[in-house]
Structures are given as C-alpha cells and as structure tokens.
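Asks: The chain contents come next:
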Amino acid sequence: MQDRSLSYLLLVPAFLIVLATTLYPLAYSLVTAFREWDLTKQRRPGDFVGLENFGHAFTEPGFQNSLWVTTIFVLTSVALTLVIAMSLALLLRRKGRMHTFTRVILILPFAMSPALIGVSYRFMFNPEFGVIAKGLGAVFPALEGVPWLASPDLAMAILVLTDVWHWAPYMTFMCLGGLASVPRETEEAARIDGASTFRIIFGIVLPQMKGVLLVTAVLKTIFALKMFDQVVTLTGGGPGTSTETLAFFIFNVGFKWYDMGYASALAWILTAIMMLISIWYVRMLLSERKMATA
Amino acid sequence: MSKSVFWWVERALLLLISTIVLFPIAWMFLTAFKRPRDAYSLSFDFSPTLANFATVFSDPWNLGDMVLNSVIVATVTVLIAVPCAALAAYSFSRFRVKGRKFLFFLILSTQFIPAVVIVLPFFLMFRSLGLLDTRIALIVVNLAIVTPFVIWMIKGFIDAIPTDSEEAAMIDGASRLRVIRDIVLPMAAPGILTSSIFCFILTWNEFLFALILTRRDAVTLPVGLVSFRTERGDLWELMSAAGVMITVPIFIMALLIQKHFTRGMTAGAVK
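These protein sequences, in sequence, are chains A and B.
When we follow the numbering used here, the leftmost residue of the first sequence carries the number 43, and every step to the right adds one.
When we follow the numbering used here, the leftmost residue of the second sequence carries the number 174, and every step to the right adds one.
Simulated from the structure, these hints should not be mistaken for lab results.
In this text the structure is predicted, and so the values were computed from the model without any measurement.
Some clues are possibly wrong.
To be verified - Label-pair distances were calculated between CB atoms; the ranges are:
| # | chain 1 | residue 1 | chain 2 | residue 2 | range |
| --- | --- | --- | --- | --- | --- |
| 1 | A | 50 | B | 421 | 41 to 47 Å |
| 2 | A | 192 | B | 180 | 22 to 28 Å |
| 3 | A | 281 | B | 360 | 52 to 58 Å |
| 4 | B | 192 | A | 66 | 56 to 62 Å |
| 5 | A | 235 | B | 184 | 45 to 51 Å |
| 6 | B | 403 | A | 328 | 43 to 49 Å |
| 7 | B | 272 | A | 103 | 43 to 49 Å |
| 8 | A | 192 | B | 360 | 54 to 60 Å |
Glycine included, each C-beta is placed from N, C-alpha and C at the ideal position.
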C-alpha cells in the first residue's frame, strides 16, 4: 500500500472518535446557546433568541460572582503551584536516597481522584473531629474552633490548597524534565568562580527555564479553569456562593435550573476564555523560541 | 560548617514534603480501618476492623456494583482509545502529509475545551436516546477527553524511537504495515503501556461526567463517594473505606510504571 494513503487511513479511527465525541457536541451546544430551552417546561429545543443568553450572562450577578471567584482561584492556585513546583524540582534534582523516595511518592497525589481529595480535606478540616483542624487548634490555641469551611475566605484557601496538593507534584516532574535539559557547565563554572547558590539559581538556572515555566503556567491555568470535582465534594460552592467557580456555576445552571440555552452560552464563554489564553500562550512561546535561537 | 547546616535543612525539607504528601492519604487509610466511634476521635490507638469494608459492600451502599462499573468503563475506554490513538500517533510522527499540522492542532486543541461544555449536549442527546445512566454513555464521553491526550503521549514516545531500523527493513522489502507490527509496536510497547495506564487513571478518577450522566445503575466509584453524605451527616469511616477502594488499584499501577510515568507526563508537554 502507498504510504500516502496509509498515512491518512491510520488517522481515520482516531479522527472519527474526536469528530463524534467532541466536534459534534460542540456544534450542538453552539446551536443550543442561541436558543431558549428550559428543560423543565420544554422537551424539545425552543425558539432562536439571538444573543439573549449571552447578554443575560453579563447582567446576572451569579455569573459575575463566578467570574470573580474563578479569577481569584486561578491566580492563587497557578502562582502557588508554579513556585512550589519549581522549588521542589530544584531540591529534588540532586541525588540521594531521600530525594529518590520523595520523587516516587510525589506520584501519589496526581494519581488520586480529585473528588476523593475534596472529601478527605473536608474530613480533615472538620472543626469537631478533623485531624488538621484539631491539630492546628492544639498547637495554636487561637485557631481552636475556627469554622474552616464555613468561612468564605478560608474555604477558598482550602480549595486552593487541595488543588495545589493535587497538581504541584505533576508540575514538579515537568520542571525536573526541564532542568534535565539545562546544561550544567555554566553553573559549574559559576560555582568555581564563587557565585552563591542564590545567584546561580536566579541568574543562570531560572532564565533558562523560561520556556518550560511558561508551558507549565499555561497548562496549570487551563486545569485551574476547568477545576470542578473538589468544589462539589469539598465546599459545594459555599458557604453562600463564595467558592462557586465558573465550571460549577455552569453545572448548576444546566443541571439544577435546567436552563440549557443559558448553560450552553456560559459554557462557550468559558471555552472562549480558555482559547484566548491558549493563543496568547502559543504566541509567547513562539517569541520565546525565536529569542532563544537568535 | 555551613555545608552541614544546609545538609540538615535539605533533609528536613524533604521530610516535610513527604509528610505533606503522605499524611492525607495515610489518615484516610487509618480511618477506613477504624470503628465509627474511633473515627471521630483523633487517637492512633484503636483496634483495626474490616467492618467498614463489609458495610460498604452490602446493602444499601453496594460498592461492588460501583467497582464493577468503574472497571468496565475504564477498561473499555482504554481498549478503544489506545489502539486508535497509537495508529494516529504513528501517522503524525512518521508521515509528512498535507494538513497534518492542522489536524494535530485540531486534536490537541480539544484538550482545552472544558468537560462541562461537552457534557451538556451529551446529556441532551443521551436523554433523547434513552442512554442516561448507562455505561455506554460514560465510555463515549470519556473517549472525548482521553483520546487526544493519548495521541499526544504516544506520539512523544514514537518520536523518540530512531527510524533507522524501520528504513532498513523497508529497503529489504518489508511493507509499511509489517514494519509497524514487527518493529515499531515492540519498541513502542512500554510507551503504549504507560499511556494505557494513564488513560485508565484519567477514566477511573473521572467525576463530572459520571455525576451528570448516571443516577443509580451506572454510578462509578468517585460519584459513589457522594452517597455517603447522608441526613445523619457525613459517614467518614465508610467514605474512607470507599476511598481506599478507589486509590489502591491506581496507586499500584502508578508505582509499577513509576519511571515511565514521569517521563510520559513530561514527554509531550515540554516539547
């Protein structure tokens, strides 16, 4: 068989899967976003209403709140994850038995179900019998009886904590991969010349990690924008609406209020945000590559 | 002197990190073996019991059904996604066809679409087809998330295999399909196995689809966790027992392929 036709033939099964499971539903939801469709009243899709669903989003406080919550969540979780992952990678790239052990167990948080992470942190921060809540209370008496998940700011902080616990290890492996491809000669030379570890890291290692850190940042941003599981199992969006992220809000609109048109419009707004970030990232990465080769 | 201080700081940091990673997992495992009374006290001093596991596997929780659902959904998803993805990955890696870059970008960009966007139309479609609360529905939507990811991963592994032996075999007159079967597949096997396990883990832990598309018959383990939240409050010792059932198979798999695992994670992303 000719390579040319074979090359297309090999793509067919995978492409059919993507077509059927992603592109078709996407088109379906785009059409729904322009319709009125209240599932509690109508079995079939209702009339076309133009941009009404999109317009509704920008006047509705629930959506605005979720945008704000998502922004806070994404910024803190991305920043913390990156700093921790990069620091861990610098610590773990050295050889040693404890280093190897730590690297091995770092796989576990990533393999753990995010829904379960939410559940177990909820248990540990329970003010009556949660081991972390009680432990902190015993060490710092001021923290005894703090209603961790019932306070809006603390609930958000714990939500970020679960997400960082889940993702920082994965991102550490990405940074370790990046560090492995950074040549060690300049570093060694600087060390012989008497440069401090601090200067070596900030002056030599980190600048060379720019590309990897950029990829890591964008991947983490996308994962954070999609984050959903822990909101359900840890906070349920509460207290009040203080941890209602955009993904959780869309879920509520679709499957609690059954407003399919509005939910589809919101889903497309979230997709648009992600697409913009991805495009921006590809452009940054390309200019970074250009500078590196120039 | 300063060197030894650094040495101790480094060990202390590593110990701290290991504790932060292991503690939540260890606490869940301990709680799973505690009697309800002990679960609400914080003592390490308790007589372990298997009663929680007996409870979750019997009526009304029936965790066994959920285990079965999870195993079937994850296995079938892997069996469909991985072979299709491997063929596509080979094509993307070895051939320079027209539109290849566009197709690859198209498939990759689906990774940026939030699951919530995909699940809305699927909910509506499965509802009119009468497929809500079935394993088939879960397998179909899981394929959406997993397939592009696996193509990306396997392509990374195939890219790393040198083309010399393939070319030599073709000069000797072997057909491309034979080359794929006899040379590429055996060499890519560790990568394909790693990708399969990755794919299994993603599907096994998947929560959003299962939460929306199942109600009773096709409920998977992560969604089953929510059912231990009752009017009498959260039944932590049962949740922990269910949590152990979710994590043990996945942890074993992840640790078995530990070396490849970290390489697979980074292979696609850093390039």
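Asks: Decide, hint by hint, whether the structure agrees.
Replies: Against the structure, the hints:
Checked against the given bound of 41 to 47 Å, the beta carbons of residue 50 (chain A) and residue 421 (chain B), roughly 43 Å apart, stay inside it. A C-beta distance of roughly 43 Å is found between residue 192 (chain A) and residue 180 (chain B), which places it outside the suggested range of 22 to 28 Å. Separation of residue 281 (chain A) from residue 360 (chain B) is about 55 Å and conforms to the stated range, judged on CB atoms against 52 to 58 Å. At roughly 47 Å, the beta carbons of residue 192 (chain B) and residue 66 (chain A) sit outside the given window of 56 to 62 Å.
Under the hint 45 to 51 Å, the C-beta atoms of residue 235 (chain A) and residue 184 (chain B), about 28 Å apart, miss the expected range. For residue 403 (chain B) paired with residue 328 (chain A), a C-beta distance near 53 Å fails the hint of 43 to 49 Å. As the Cβ distance of residue 272 (chain B) to residue 103 (chain A) is approximately 45 Å, the hint placing it in 43 to 49 Å holds. Range check, residue 192 (chain A) to residue 360 (chain B): Cβ separation about 56 Å, and the 54 to 60 Å hint holds.
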